[in-house]
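Q: For reference, the chains in residue letters:
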Amino acid sequence: NAGVTQTPKFQVLKTGQSMTLQCAQDMNHEYMSWYRQDPGMGLRLIHYSVGAGITDQGEVPNGYNVSRSTTEDFPLRLLSAAPSQTSVYFCASSYNSYYEQYFGPGTRLTVT
Amino acid sequence: AQSVTQPDIHITVSEGASLELRCNYSYGATPYLFWYVQSPGQGLQLLLKYFSGDTLVQGIKGFEAEFKRSQSSFNLRKPSVHWSDAAEYFCAVAASGGSYIPTFGRGTSLIVHP
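One line per chain: the protein sequences are A and B, in this order. Quick note, the first sequence lines up with residues 1 to 112 if you use the working numbering. Quick note, the second sequence lines up with residues 1001 to 1114 if you use the working numbering.
Calculated from the structure, these hints are not laboratory results. One or more of the hints may lead you astray.
[Said to hold, decoys possible] Chain A regions said to be covered by chain B (calculated; three or more residues, Cβ under 8 Å):
(1) 11–22
(2) 34–42
(3) 45–58
(4) 102–112
[What the hints assert, rightly or not] Not the full set, but computed from the structure, chain B residues with beta-carbon under 7 Å of chain A:
(5) Y1032
(6) G1043
(7) L1044
(8) A1094
(9) I1101
Fair warning: this is a prediction, and the values are worked out from it, not measured in the lab. Even for Gly, the Cβ is constructed at its ideal location relative to N, Cα and C.
Starting from the given sequences, assemble the full structure and let the hints guide the process.
A: Here's what the structure looks like:
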């Protein structure tokens, strides 16, 4: 099992550009989520999904879109990048939201 | 709504010394509680979890945590710290007040002196 994979590992964007962060898991987990990690702020939930076709907003959803067309994939789209979105992004998956979360290695995004 | 507080941003210990990292949560019902560890440049890895039953739970790498309902706490402990334990530690809670969506604390950075 590859577990949770994220691509790319690093990305630099200019303000106003859009991009998609990819996340995939091969554990047949129903629950998937996206977090951003900023110094001193811990992990903040952006969006989550409890199954294919079902998504919901977390604590900091503005500027981000998600969709869940398959159980395996949960991409995060930045619509128009802003410097405030400079962060490390983690995708996680689990059998259920209150079970152990399995984290991907992260994507470090810089917006200039 | 549920929340998690890790009051210590940084903790410095000497190698071989004991360790306790604090975690407090705010929710009345018994929550699901977790401790995760993040090594530099890595994702998070589960150390241990509490769902129900025995309030003292054992985890990987020699860590343990104790759930104290009266204090709304779930502190992480290790009797003797190794240099490789230097990392960021996150407490997380999932409870009905937050629809069982996990909330993470802000993390405690552990520094280990030789």
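Q: Does Y1032 (chain B) pass the interface check with chain A, least Cβ-Cβ distance below 7 Å?
A: 4 Å, holds
Q: Are A1094 (chain B) and chain A close enough, Cβ to Cβ, to be under 7 Å, as the hint says?
A: At 4 Å from the nearest chain A Cβ, A1094 (chain B) passes the 7 Å test, so the hint holds.
Q: Would the hint on I1101 (chain B) be counted as holding, given a Cβ-Cβ threshold of 7 Å to chain A?
A: OK, holds: I1101 (chain B) within 7 Å of chain A, min 5 Å.
Q: For the segment 11–22 of chain A, does the count of residues with a C-beta closer than 8 Å to a C-beta of chain B reach 3?
A: violated (count 0)
Q: If you count the residues of the segment 34–42 of chain A with a beta-carbon closer than 8 Å to a beta-carbon of chain B, do you get 3 or more?
A: It holds, with 4 qualifying residues against the three required.
Q: Hey, does the L1044 (chain B) contact hint survive, CB to chain A under 7 Å?
A: 4 Å, holds
Q: Are there at least three residues in the segment 102–112 of chain A whose beta carbon sits under 8 Å from a beta carbon of chain B?
A: holds (count 4)
Q: Holds or violated: the hint that G1043 (chain B) contacts chain A, with Cβ atoms closer than 7 Å.
A: 4 Å, holds
Q: Under 8 Å between beta-carbons, do enough residues of the segment 45–58 of chain A, three at least, approach chain B for the coverage claim to hold?
A: holds (count 3)
When held up to the earlier numbered hints, the structure conflicts with hint 1 and nothing else.
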